[in-house]
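Engineer: Sequence:
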Amino acid sequence: MDSQRKKGILDVCVLTAVCRNPSYGYLIIKELSPHVEISESTLYPILKRLERSGCLETYQEEHAGRKRNYYRITAAGREKIQEFLDEWDEMRRVYQFVSTRFQR
7 MDSQRKKGIL DVCVLTAVCR NPSYGYLIIK ELSPHVEISE STLYPILKRL
57 ERSGCLETYQ EEHAGRKRNY YRITAAGREK IQEFLDEWDE MRRVYQFVST
107 RFQR
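Using the working numbering, the letters of the sequence shown map in sequence onto residues 7 to 110.
These aren't lab readings, by the way, just hints derived from the structure by calculation. There could be a bad hint or two in this list.
Claimed, not checked - Distance windows between CB atoms, simulated:
#, residue 1, residue 2, range
1, E46, R84, 45 to 55 Å
2, R110, Q66, 35 to 45 Å
3, I15, K36, 31 to 41 Å
4, K36, L91, 15 to 25 Å
5, R84, L33, 14 to 24 Å
Unchecked claim - Lysine-lysine pairs mimicking DSS-like chemistry, simulated, CA-CA at most 30 Å apart:
#, residue 1, residue 2
6, K13, K36
7, K36, K12
8, K54, K13
9, K54, K36
Small disclaimer: the values here were computed from a predicted structure and weren't measured. Beta carbons: idealized from backbone N, C-alpha and C, even for Gly.
The whole structure should be built from the sequences, with the hints applied where relevant.
Structural biologist: Dropping the structure here:
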């Protein structure tokens, strides 16, 4: 898959993982891993990028004597998910066009 397309899809997947409840890195990976391959080294730059763009907010809570970073979606993050869903219909039409005309 094209790296830019995959980057956008991973962003939306991460936002979706926190759209109902705030979450933290390990739990986000655990939730996403049955659906998409993602590692810690991939996740944390995505989280930072989404935070810088205003799609996520971060806060800390203590857990087992250590501070844990939690991520929660913002209105901008919800809009990003909705934009993805709106674009998906168009992508399906393009896929249908290409797949019906391309001969291997």
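Engineer: Can you tell me whether the CB distance of K36 to L91 sits inside 15 to 25 Å?
Structural biologist: About 24 Å separates the Cβ atoms of K36 and L91, which means 15 to 25 Å holds.
Engineer: Take the C-beta atom of R110 and the C-beta atom of Q66, compute their distance, and say whether it sits inside 35 to 45 Å.
Structural biologist: violated (52 Å)
Engineer: Between the beta carbons of E46 and R84, is the distance compatible with 45 to 55 Å?
Structural biologist: Given a distance of about 25 Å, which is not inside 45 to 55 Å, the answer is violated.
Engineer: At the C-beta level, are I15 and K36 separated by a distance inside 31 to 41 Å?
Structural biologist: violated (19 Å)
Engineer: Given the hint of 14 to 24 Å, check if R84 and L33 actually sit that far apart at their C-beta atoms.
Structural biologist: holds (20 Å)
Engineer: What's the verdict on K13 and K36, does the C-alpha distance respect the 30 Å limit or exceed it?
Structural biologist: holds (19 Å)
Engineer: Check whether the Cα positions of K54 and K13 lie no farther apart than 30 Å.
Structural biologist: Holds: K54 and K13 sit about 13 Å apart, inside 30 Å.
Engineer: Between K36 and K12, is the straight-line Cα distance small enough, at 30 Å or below?
Structural biologist: The hint holds at about 19 Å.
Engineer: Hey, K54 versus K36, does the alpha-carbon distance stay inside 30 Å?
Structural biologist: With a Cα-Cα distance of about 19 Å, the restraint between K54 and K36 holds, given a limit of 30 Å.
In terms of the numbered hints stated before, the structure departs from hints 1, 2 and 3, listed from lowest to highest.
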